[in-house]
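**Q** Given these sequences and hints, build the entire structure.
Going down the list, the protein sequences come from chains A and B.
So in the working numbering, spot 510 of the first sequence is number 510, and the numbers just go up one at a time.
So in the working numbering, spot 485 of the second sequence is number 485, and the numbers just go up one at a time.
Derived by calculation from the structure, the hints in this document are not laboratory data.
Values in this document were obtained by computation on a predicted structure and should not be read as measured data.
A hint or two may mislead.
Because identical chains cannot be distinguished in the list, a pair is counted as satisfied if it fits within a single copy or across any two copies.
To be verified - Each computed DSS-like pair below joins lysine-lysine, with the alpha-carbon atoms no more than 25 Å apart: (1) K81 <-> K28; (2) K489 <-> K277; (3) K537 <-> K329; (4) K438 <-> K325; (5) K81 <-> K127; (6) K28 <-> K325; (7) K277 <-> K438.
Protein chains: 2
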Amino acid sequence: MLSGASTAVETQQSTLSRYLDGEFWQFKDDIREDIRRCELFHQTSFDLTLDQTRDLTMERVYYVMQTPLMRQHFRDQVTEKQRGFIAKSLGLTEVICSADMTTGVKLGVICGLYGGAVINLGNPEQKDKWYLPVSDLEFTGMFAMTERGHGSNVRGILTEAQYDPSTEEFIINTPCVDAQKMYIGNCMKGNHASVFAQLTVNGETQGPHCFIVPIRDRHGVMHPGVTAIDMRHKEGLHGVDNGILIFDNVRIPRENLLSRFGSVSADGVYSSPIQNKSHRFNAMLAALTPTRLALTVQAMAGMKLGLIIAVRYSHSRRQFGPKDKDEVKIIEHQTQYLRLMPHLAAALALTFTTRFAAAMMDDVLCGGESLDNNRSLQALMAGLKAYSTWQNIHCLQECRECTGGMGFMMENRIPGLKCDSDVFVTFEGDNMVMLQVKKNNCLFFDAWNSCLHHITSLALAHIHRVTLEQFALAVEQCPVEEDRTLLTKFCLLHGTNLVYQERGWYLEHHYLTPRTSRLIRNQLLELCRLVKDEALKVVSDFKVPPFCIKAPIAGVANPRAQWAFYSTPDPAPSASSLPQHHGRTSKL
Amino acid sequence: MLSGASTAVETQQSTLSRYLDGEFWQFKDDIREDIRRCELFHQTSFDLTLDQTRDLTMERVYYVMQTPLMRQHFRDQVTEKQRGFIAKSLGLTEVICSADMTTGVKLGVICGLYGGAVINLGNPEQKDKWYLPVSDLEFTGMFAMTERGHGSNVRGILTEAQYDPSTEEFIINTPCVDAQKMYIGNCMKGNHASVFAQLTVNGETQGPHCFIVPIRDRHGVMHPGVTAIDMRHKEGLHGVDNGILIFDNVRIPRENLLSRFGSVSADGVYSSPIQNKSHRFNAMLAALTPTRLALTVQAMAGMKLGLIIAVRYSHSRRQFGPKDKDEVKIIEHQTQYLRLMPHLAAALALTFTTRFAAAMMDDVLCGGESLDNNRSLQALMAGLKAYSTWQNIHCLQECRECTGGMGFMMENRIPGLKCDSDVFVTFEGDNMVMLQVKKNNCLFFDAWNSCLHHITSLALAHIHRVTLEQFALAVEQCPVEEDRTLLTKFCLLHGTNLVYQERGWYLEHHYLTPRTSRLIRNQLLELCRLVKDEALKVVSDFKVPPFCIKAPIAGVANPRAQWAFYSTPDPAPSASSLPQHHGRTSKL
Chain A
1 MLSGASTAVE TQQSTLSRYL DGEFWQFKDD IREDIRRCEL FHQTSFDLTL DQTRDLTMER
61 VYYVMQTPLM RQHFRDQVTE KQRGFIAKSL GLTEVICSAD MTTGVKLGVI CGLYGGAVIN
121 LGNPEQKDKW YLPVSDLEFT GMFAMTERGH GSNVRGILTE AQYDPSTEEF IINTPCVDAQ
181 KMYIGNCMKG NHASVFAQLT VNGETQGPHC FIVPIRDRHG VMHPGVTAID MRHKEGLHGV
241 DNGILIFDNV RIPRENLLSR FGSVSADGVY SSPIQNKSHR FNAMLAALTP TRLALTVQAM
301 AGMKLGLIIA VRYSHSRRQF GPKDKDEVKI IEHQTQYLRL MPHLAAALAL TFTTRFAAAM
361 MDDVLCGGES LDNNRSLQAL MAGLKAYSTW QNIHCLQECR ECTGGMGFMM ENRIPGLKCD
421 SDVFVTFEGD NMVMLQVKKN NCLFFDAWNS CLHHITSLAL AHIHRVTLEQ FALAVEQCPV
481 EEDRTLLTKF CLLHGTNLVY QERGWYLEHH YLTPRTSRLI RNQLLELCRL VKDEALKVVS
541 DFKVPPFCIK APIAGVANPR AQWAFYSTPD PAPSASSLPQ HHGRTSKL
Chain B
1 MLSGASTAVE TQQSTLSRYL DGEFWQFKDD IREDIRRCEL FHQTSFDLTL DQTRDLTMER
61 VYYVMQTPLM RQHFRDQVTE KQRGFIAKSL GLTEVICSAD MTTGVKLGVI CGLYGGAVIN
121 LGNPEQKDKW YLPVSDLEFT GMFAMTERGH GSNVRGILTE AQYDPSTEEF IINTPCVDAQ
181 KMYIGNCMKG NHASVFAQLT VNGETQGPHC FIVPIRDRHG VMHPGVTAID MRHKEGLHGV
241 DNGILIFDNV RIPRENLLSR FGSVSADGVY SSPIQNKSHR FNAMLAALTP TRLALTVQAM
301 AGMKLGLIIA VRYSHSRRQF GPKDKDEVKI IEHQTQYLRL MPHLAAALAL TFTTRFAAAM
361 MDDVLCGGES LDNNRSLQAL MAGLKAYSTW QNIHCLQECR ECTGGMGFMM ENRIPGLKCD
421 SDVFVTFEGD NMVMLQVKKN NCLFFDAWNS CLHHITSLAL AHIHRVTLEQ FALAVEQCPV
481 EEDRTLLTKF CLLHGTNLVY QERGWYLEHH YLTPRTSRLI RNQLLELCRL VKDEALKVVS
541 DFKVPPFCIK APIAGVANPR AQWAFYSTPD PAPSASSLPQ HHGRTSKL
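**A** Right, here's the structure in full:
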């Protein structure tokens with residue numbers, strides 16, 4: 001553990017940083033401090049072997065799980081839902097992912113996915129038996145839904161669960177290659193899996209259900225009939241051990257069926273609170289929705305880190321300029337601020353939109369409402385997941401290009417962030433599939449397929465609107481005038497950019513005239529120019545501690561790569577951001 | 001070396017593949033066969049350590065350099081330019097990069113950059129002394145232009161070269177941190193560097209010139225005064241050892257100044273065929289332009305590989321479909337073919353456009369014309385570099401997303417291709433800077449800066465037009481009717497997509513009506529649907545041998561990752577590509 005002179009997280013306590021952190025800012029600060037005190041998070045891992053990276057990640061996960069804050073959070077998860085639980089979970093996710101994306105994802109697998117399955121699909125005894133011990137590090141779990149043959153189309157999974165009344169056991173089986181459970185995180189280290197399989201009782205199929213299947217004991221000895229294949233090297237998230245699970249008639253006790261949506265009596269009678277199989281499966285999937293919001297926060301954490309690094313470097317690095325004068329900071333180049341500022345505005349919009357979605361989710365869960373009846377919330381989660389993860393990809397790519405060769409070096413973090421978060425756009429629901437929530441895509445396949453491009457465009461347009469609405473609302477509610485003024489500019493920029501990006505469609509449908517459209521381009525350029533210096537304050541108020549940023553080009557010294565160091569730029573606004581320019585922003 | 005039953009490259013000898021390979025198809029086939037016979041190219045390298053990867057890359061480079069074809073090519077490079085030399089160099093680049101991007105880039109550093117500097121800036125004796133021995137593996141070289149302080153703005157480099165008449169030597173010096181030579185490829189293994197430095201003779205500065213500076217001898221012993229710092233881990237191109245060079249008053253003989261554009265007599269008199277310093281430097285830079293075209297080909301090689309993998313997998317993998325029927329191939333999903341087909345069309349367009357640019361370059365060089373007087377050719381090279389490298393990034397990202405979790409696995413190649421080629425957009429001239437060739441950006445910085453977005457958009461629009469023109473011309477000249485028919489569809493698709501992408505601008509400037517713009521969207525969808533099955537033939541006719549493709553999801557078995565294997569799809573057209581659909585394409 002670290003100690004000594006620097007005993008507190010070096011965080012800024014500005015009013016804006018507190019507003020951006022939201023209601024649970026103290027909770028987030030406490031996690032930041034917990035992580036800072038752990039040496040494991042001060043290391044980089046890009047030069048370790050695959051096995052070393054996996055071990056380091058697991059150590060980090062264990063450290064986080066043992067902090068008092070996290071242990072309390074475990075207990076809150078198992079007991080009745082309290083208002084703020086989702087928001088706090090997301091705060092935790094954001095801070096951990098800022099420190100290390102892989103640790104955040106692995107923790108998400110154990111607590112969000114495996115834990116989420118037990119919590120949301122199990123009865124109270126099952127929660128105590130299969131999840132509480134995780135908080136004591138007695139065992140960890142994995143989430144086995146995806147199959148080789150069915151990634152996006154989970155309704156069609158092929159793994160079988162046959163009830164044997166003679167022994168009161170389920171027989172879990174992988175009948176064919178397409179039924180192999182694939183991409184399973186924590187597959188090479190975890191002990192139990194929440195496995196989705198088609199339940200058959202007395203020869204009658206009851207659709208997919210979730211079972212707890214032992215994979216290996218604490219000493220790593222495999223459970224009879226279970227095979228785990230290591231998938232090894234991926235583009236990123238190297239610390240997450242993804243693998244394939246194959247079940248050869250694995251026998252598990254009757255009590256291992258998570259029974260909230262269906263259970264089997266000792267003598268083999270199936271019962272469920274939902275009679276219709278399709279509705280039942282929808283309800284099960286809906287119960288797992290909250291974890292989807294975590295992905296949005298993970299993507300947002302990646303964006304914020306990338307922007308901190310790119311904005312700071314752009315304010316330090318100089319290149320080109322007027323003849324016979326000093327070269328100018330690269331942030332002064334029109335193409336540079338035009339590339340970075342809209343992403344910064346989007347990161348702010350996402351901050352407020354995820355907070356809104358979390359509050360909505362908290363309300364629904366505390367009200368005991370069923371998530372599958374709330375289609376608009378489900379569509380919001382899915383749309384937000386697609387928008388934020390794509391936004392993250394585009395943002396980090398711009399950050400990489402805007403930091404040039406320095407941004408290509410692993411020491412400067414951006415490549416690792418890109419590789420780690422690239423998979424977000426296709427896992428836990430492919431983005432293209434996410435954009436089709438609101439839709440029954442099986443009955444009229446051809447008709448549905450022929451308007452797929454329309455559907456996905458519309459879904460994105462909807463989520464764009466939500467982000468702008470929530471941003472505007474957050475500006476309105478911001479208590480400090482100075483912060484409100486700053487956020488207003490970024491909000492206007494976000495809205496202008498959304499219209500600019502989609503101006504083709506608006507023009508096609510006569511919502512914009514050609515002249516107005518050209519003015520929007522000018523307004524976008526002017527707004528980007530206007531906020532480029534204030535961007536330094538905003539990225540500082542993201543409150544990511546230096547030991548999480550790590551990048552030397554963002555002003556965090558690293559003895560291993562002294563050549564990459566650029567000192568942190570002075571956040572005082574330069575002449576070009578003085579008020580006299582404000583009046584030049586054209587209003588629509 | 002491999003031998004036995006499979007003694008020939010498994011290439012398709014269709015008329016289209018020959019047309020795509022162009023005039024030097026036999027030359028390219030011979031290189032394919034040379035590489036196939038070398039075991040080194042059959043290995044993957046993503047699980048090696050950094051040092052192992054670098055060693056493997058160097059061994060591959062040495063293997064290629066020792067092939068009779070390459071040795072002949074060396075001799076052609078040193079002697080008077082022959083028509084076809086550029087085209088053959090690019091064919092070689094494409095084939096090597098298809099086998100391993102890192103090897104292609106490292107070979108490019110040694111032959112294209114270091115060799116290019118000696119060949120284009122040196123006199124005949126200097127070529128014999130400093131470059132010919134490279135073909136005998138006596139030593140290798142590096143290219144040291146970029147400095148910490150001046151990446152894009154090379155005119156401002158700070159490294160000094162002072163002439164000392166008393167010893168008839170130049171003193172090469174790094175006066176400050178910003179003058180360090182940075183990102184230098186082959187820095188940790190190469191023996192000589194072509195170093196750009198500001199020449200001072202008798203107290204008078206003569207602007208940047210290029211010098212051959214010894215770095216280390218064959219035993220790795222550093223030359224006195226030279227320091228090389230290893231930059232180690234990057235996002236990709238792990239086999240290329242990039243580093244930093246620092247010179248502490250390093251003394252080199254007078255003859256080490258490459259003298260085509262300037263030389264110094266023993267007693268210290270400077271002379272040059274070009275009096276104006278700025279013109280002189282432009283001429284030097286222009287002489288190095290041919291290597292820029294190699295980057296376009298490298299990017300194109302990445303795109304083709306990604307498309308081969310994504311298109312084949314999309315024709316094998318099934319997901320969703322009409323109720324109670326088999327699931328459909330994912331290529332049938334509208335969003336899937338809409339994402340992939342425009343990139344395939346762009347890859348074809350780039351094939352023909354680079355061929356055109358190479359022929360133009362060949363003509364100019366054979367005619368003894370100076371490249372710096374040919375601004376349109378320089379603009380074409382720069383624009384093509386920017387367009388193709390961005391296109392490559394977008395294409396590979398779509399390929400990754402369209403192959404889902406499988407595309408995230410290193411075994412399936414796409415992640416490695418993405419990481420390796422990501423740096424292309426910012427190295428050897430940042431793309432944003434590339435798009436400003438035609439322009440003097442120093443005299444009126446503010447005016448220039450305020451229209452930077454316009455300039456870059458216009459430059460891209462120009463290069464878009466050139467790619468479409470060259471594609472159309474290639475269709476016209478295609479000798480086989482069946483191939484012409486197929487290419488016509490892709491050409492129409494390429495043009496439609498270019499207009500669709502930029503429809504906002506066309507609408508703003510009244511070149512399109514809203515109604516026409518909507519029709520273009522329909523035409524784009526219909527063209528993509530129309531070619532989706534023929535895409536299998538096209539990617540097959542890219543003629544990339546299976547040992548280069550490597551990806552199991554593209555039908556190349558790999559005992560290490562049996563779980564990733566999908567058999568190669570049947571290239572026979574399915575019902576949905578039969579002629580009855582052709583008439584449904586709306587024409588503008």
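**Q** Could you run down the list of hints and mark each one as holding or not?
**A** We went through each hint and held it up to the structure:
| no. | hint | result |
| --- | --- | --- |
| 1 | K81 <-> K28 | within (20 Å within a copy, 66 Å between copies) |
| 2 | K489 <-> K277 | neither (50 Å within a copy, 46 Å between copies) |
| 3 | K537 <-> K329 | within (17 Å within a copy, 50 Å between copies) |
| 4 | K438 <-> K325 | between (58 Å within a copy, 23 Å between copies) |
| 5 | K81 <-> K127 | within (14 Å within a copy, 77 Å between copies) |
| 6 | K28 <-> K325 | neither (45 Å within a copy, 50 Å between copies) |
| 7 | K277 <-> K438 | within (19 Å within a copy, 66 Å between copies) |
Hints 2, 6, counting from the list given before, are not met by this structure.
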